[in-house]
Amino acid sequence: MFHFSRAEFAVAFWIAFFTILIGVFFLVLTVIIRARLLSRQKQRRELVKHWEPWLTKNLSKLEGSVPPVTEADERVVLQLLNYYYELLSGSARDRLYQLAGVLGAKSLAQKLLKSPKADDQILALHTLRQLADRTSWDVLLKLTGREDAVVSLAAARAFAKTDPVHAMPWVAPLIVERSDWACDKVAFLLKEAGPEAVSQPLVDAVGLAKKENLTRLIPYLRFADQSLARPLLHRIMQNHSDDFDIVRACIELFSAFRNTEDLLSVRAHLHHRDWRIRACAVVALKEIGAEEDQKELLSLLRDQEPWVRYQAAHALATLPFMSKERLEEMIQKQADHKSAKAMVQVMAERRIRGEE
Amino acid sequence: MAFALIFQKFLLLYFAILMITYLLIDFSAFFYARRYMERRRLEYELPRFFSGFEPWVSLLVAAYDEEKTVASATYALLQLFYPHYEVIVINDGSNDRTMDVLMKEFELVAFPEVYGEYLKTKQVRGVYYSAKYPKLRVIDKVNGGKSDALNAGINLSRSPLVCSIDSDSVLSRDSLIRIVQPFLEDPKTVAVGGQVRILNGCEVRGGNLVKVGLPKNLLALFQVVEYLRAFLFWRLGWVPLNAVMIISGAFGLFDKAVVIKAGGYRTGTVGEDMELVLRMHRHLRKEGRAYRIAHVPDPICWTEVPESLGSLQSQRIRWQRGLVESLTLNWKLLFTFKGGVLSWLAFPFTVIFELLSPVFELGGFVLVLLAFWFRFLSIEAFLVYFCVAFGSGILLSIIGLFLEEISFHVYDDSNSILKLFGVAILETPFYRLINSFWRLIGLFQWLLGTKTGWKKINRKSHAQGERRRERLSASPSRSG
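Residue numbers (my numbering), protein chains in the order written: chain A, 1 to 356; chain B, 1 to 480.
It should be emphasised that the hints constitute simulated quantities derived from the structure, not laboratory data.
Remember, predicted model here, so these are calculated numbers, not experimental data.
A hint or two may mislead.
Distance condition first, Cα-Cα at most 27 Å in a straight line; then the derived DSS-like pairs of lysine-lysine [said to hold, decoys possible]:
no.	chain 1	residue 1	chain 2	residue 2
1	B	Lys135	A	Lys211
2	A	Lys106	A	Lys161
3	A	Lys286	B	Lys135
4	B	Lys419	A	Lys42
For the chain B half of the interface with chain A, some residues (derived, Cβ under 8 Å), not all of them [stated by the list, open to error]:
no.	residue
5	Ser51
6	Glu105
7	Phe231
8	Pro240
9	Val388
All residues carry an ideal CB built from backbone N, CA and C; glycine is no exception.
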């Protein structure tokens with residue numbers, strides 16, 4: 001038998017000892033963390049129980065004195081205020097602003113902004129956005145340059161809300177630069193700022209953007225004034241006609257704008273070699289097409305791509321002058337069975353949805 | 001005797017490397033999850049509005065002999081909080097009344113759908129629309145397996161994103177908006193996995209998870225600990241390194257165009273979820289395209305796990321076969337020039353510490369035990385092996401629980417954490433060895449080319465599904 005020294009036994013002992021020790025350490029640590037978490041959750045429930053009824057009661061009219069907002073209350077008060085901001089509108093929201101003023105929400109938020117924790121900063125930025133606090137302008141502008149995508153975007157939203165017209169020339173280039181900003185949140189930012197503030201800065205910034213960013217940026221132009229956005233779209237399409245994603249994004253926006261002046265551009269892509277662009281062009285025709293497009297749509301019923309055929313059938317069915325009888329007549333006349341099938345499908349859909 | 005000693009030393013080294021790598025990945029996962037959740041905490045608490053930029057999603061549910069659960073599962077999916085989505089249920093040639101149940105419950109009518117065959121599938125017998133729920137379409141097809149069914153769903157889908165869901169998954173109502181987030185935040189995203197948690201022991205009402213609880217069944221408890229250690233943090237940890245190798249078939253969201261270009265789900269394999277992700281990696285790297293595959297850390301998908309030994313055995317054999325099939329079919333990802341972390345770290349690690357682990361763990365245990373029994377190995381050496389092998393396993397499970405506590409703390413009942421710690425200690429010597437044995441069977445079955453496929457796992461029927469149906473039927477306009 002192979003004899004081992006006592007050292008091997010010692011190794012076994014110490015491995016077992018430290019395994020047990022580390023295991024017990026993590027167990028104890030977990031129990032402590034759990035106890036602290038339960039305590040924090042209980043405290044939060046009590047704070048919400050205290051503040052929520054007060055806010056609800058005083059939304060219509062401030063009655064009695066304002067309870068002091070302690071350090072423990074700060075986060076709960078701001079969370080509740082933000083919650084109600086999202087739910088309310090009109091005069092109810094105005095009263096909420098007044099309540100927020102009485103509670104000192106602005107200074108609470110400015111204080112929380114200095115916290116090293118991201119969730120505190122985001123809460124503070126949301127609050128400042130709702131308050132549209134102009135005095136925080138410099139701080140917010142600085143935070144828009146932060147590397148953290150969520151924090152910088154929250155700062156940009158707050159910044160744009162304070163004074164959209166003056167903020168957008170700063171924010172628009174950031175929107176172009178920051179591919180890590182969530183597009184839905186950027187859309188909210190642009191919507192909140194309004195076309196008057198957004199249009200020129202956004203169109204200027206997108207006009208200077210690099211090609212690789214355009215597919216991401218073009219959809220944002222729907223928040224800009226058409227009279228500024230559309231010429232840019234046409235220019236982009238002309239300069240980047242070889243990039244199918246860019247062309248598709250432009251045509252999708254023509255659909256959204258519903259301007260018949262874009263009809264020529266849309267028609268020019270009905271027979272594009274990429275089927276996705278053909279489909280987009282057909283969808284755009286649904287919005288801005290004219291009677292003379294019927295012939296093109298009929299030819300696209302014979303497209304090799306099922307989705308294009310389907311969209312062409314849909315576009316035909318939704319043309320304003322089209323009736324059920326005319327559609328059925330078209331089906332009869334279709335020599336190609338694939339074309340007929342596309343029409344039959346669209347007719348069946350309309351029937352099921354009660355659109356006939 | 002010298003061989004026994006060398007083998008024992010090799011096993012010690014194996015467990016040491018396993019432990020260190022698991023710890024590194026676990027902590028990578030923890031920091032990623034913590035950062036992710038911290039930045040979204042307020043968003044989850046506030047009322048949710050939609051920007052209009054949320055992409056359309058097609059939810060694909062493959063159903064085979066699911067007459068008891070298909071209706072309730074479908075009702076639940078029709079209640080998700082998301083602006084643009086459709087539900088496509090694919091009846092994969094069921095032998096029971098699955099199709100009849102669907103026809104009756106949802107008032108299906110046969111529909112002359114133009115079906116584009118972007119991916120080859122078995123014959124589609126018909127497509128049906130629901131007159132009552134416009135979001136719902138049903139495909140009735142010849143049996144071809146789960147992959148084939150999902151491919152048929154992809155062919156029918158009209159959305160740029162497709163989401164595969166198991167018919168017994170319970171999703172939280174905001175699960176779609178959460179899993180879509182990476183697509184909104186990074187245009188390079190091509191696939192996102194949702195975190196799957198264990199439904200056993202939880203309370204479900206009206207299609208929603210109302211209370212999280214621990215299962216009473218010991219096997220299910222072992223799986224809770226295992227999921228935390230081996231699935232949750234392990235998968236999340238690779239996200240920051242863009243080396244995610246699997247997105248669970250229970251809940252995964254994909255860029256449809258990329259899936260179609262990669263060839264769709266592969267039929268004839270039981271690990272279709274992992275195999276697809278690995279093939280997507282290969283395809284996108286070949287294209288030279290910058291891309292990202294992510295996981296969202298939020299607990300948003302809940303699924304039942306087997307509670308009987310028979311069902312669990314069948315599942316684990318299948319998983320191991322799926323693993324070896326996926327890795328061998330995509331072996332070209334291994335050690336490629338410019339392959340990055342996936343090629344040089346994640347893939348080889350998975351081969352050694354996942355694929356071959358039953359050989360080392362179980363084989364090692366048996367050989368060391370025999371060597372000790374026949375006195376080729378001293379008691380001291382045996383004890384060293386025992387302490388390292390079992391100690392490292394127990395420690396990893398305990399650390400998994402600790403990370404769960406400081407990040408998600410899903411099990412908020414006070415006693416549950418102590419219960420889970422107890423289970424974590426028992427898991428390694430009992431459950432892991434049995435599991436390794438089943439996985440070894442799976443490995444041998446693959447080597448021998450034994451045929452296998454999806455077998456029915458005994459699940460409790462969703463009694464709560466009855467209430468879901470009542471709730472939805474009461475206000476049909478909400479479903480439209």
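Against chain A, run the beta carbon of Glu105 of chain B and see if the smallest gap drops under 8 Å.
Constraint on Glu105 of chain B not satisfied, violated at 17 Å.
Tell me if the straight-line CA distance from Lys419 of chain B to Lys42 of chain A falls inside 27 Å.
Holds. Lys419 of chain B to Lys42 of chain A sits at ~23 Å (cutoff 27 Å).
Taking 8 Å as the limit, does the beta-carbon of Pro240 of chain B come near enough to a beta-carbon in chain A?
Since the shortest Cβ distance to chain A is 14 Å, the answer is violated.
Please verify that hint: Phe231 of chain B, Cβ, nearest Cβ of chain A, below 8 Å or not.
20 Å, violated
Restraint: Ser51 of chain B near chain A, CB-CB cut 8 Å. Satisfied or not?
4 Å, holds
The hint names Val388 of chain B as touching chain A; please verify it with the least Cβ-Cβ distance against 8 Å.
6 Å, holds
Is the straight-line distance between the alpha-carbon of Lys286 of chain A and that of Lys135 of chain B 27 Å or less?
22 Å, holds
Starting from Lys106 of chain A, check that the Cα of Lys161 of chain A is at most 27 Å away, please.
15 Å, holds
Is the Cα-Cα distance between Lys135 of chain B and Lys211 of chain A 27 Å or less?
37 Å, violated
Checked against the numbered hints given earlier, the structure breaks hints 1, 6, 7, 8 and satisfies all the rest.
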